[in-house]
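Novice: Sequence:
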Amino acid sequence: MRRTVLFLAVAGLALVAIRGAAAAPQHKGTASFTGVVLGPDDKPVPHASVTYQSSSGMAPHAVHADSHGHFTISKLRGGDDYDLRASGRGVFSEWQRNVPLRPGQTKSVTLQLIYAKEIPKAYVKSKPPQPQQ
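What the sequence shown shows, in the working numbering, is residues 13 to 145, in sequence order.
Note that these hints are calculated values from the structure, not bench results.
Predicted model only: the values in this text are computed from it and were never measured.
Where is the CB? At the ideal position from N, CA and C, for every residue including glycine.
Check each hint, because a few of them may be wrong.
[As the list claims (entries may be wrong)] Computed beta-carbon distance windows for the label pairs:
(1) I126 / H82: 15 to 21 Å
(2) P115 / K55: 33 to 39 Å
(3) P112 / P58: 24 to 30 Å
(4) G91 / S120: 14 to 20 Å
(5) P115 / D54: 29 to 35 Å
(6) P115 / P58: 27 to 33 Å
(7) T118 / H76: 16 to 22 Å
(8) Q117 / D53: 26 to 32 Å
(9) I126 / H80: 17 to 23 Å
(10) D54 / D93: 23 to 29 Å
[Said to hold, decoys possible] Each computed DMTMM-like pair below joins lysine to aspartate or glutamate, with the alpha-carbon atoms no more than 25 Å apart:
(11) K119 / D54
(12) K119 / D93
(13) K55 / E106
(14) K87 / E106
(15) K55 / D78
(16) K119 / D95
(17) K119 / E106
(18) K119 / D78
(19) K55 / D95
(20) K119 / D92
Using the sequences and the hints, build the whole thing.
Specialist: Here it is in structure tokens:
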């Protein structure tokens, strides 16, 4: 008899906990960034890497741009600020810091690659071969 009462009490508490969790609002992200990564030559950078994190430094992530340099970062929590940076072909952009994102907002950003110890060959126009005389 005691076991039955104890079992029913535990089962009842578990049911209340499950109902409470189901009633709690789910904070699924509805905000997003879209944008393009441009190289030092102002042309889109295919397959560039875009790093982002909340401005508090929590949860760093990365996405890749498509073959036209365009990227989308979705399912972000609105009401937070984010830091974004891109890299591609050995060149990096500056960090765009504390970019605010409201719930439900889609914000467009352009990340310009500018930093490198040395400009990679991918961005240096080579001289056409000179005909030998």
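Novice: Which of the numbered hints above does this structure break?
Specialist: none
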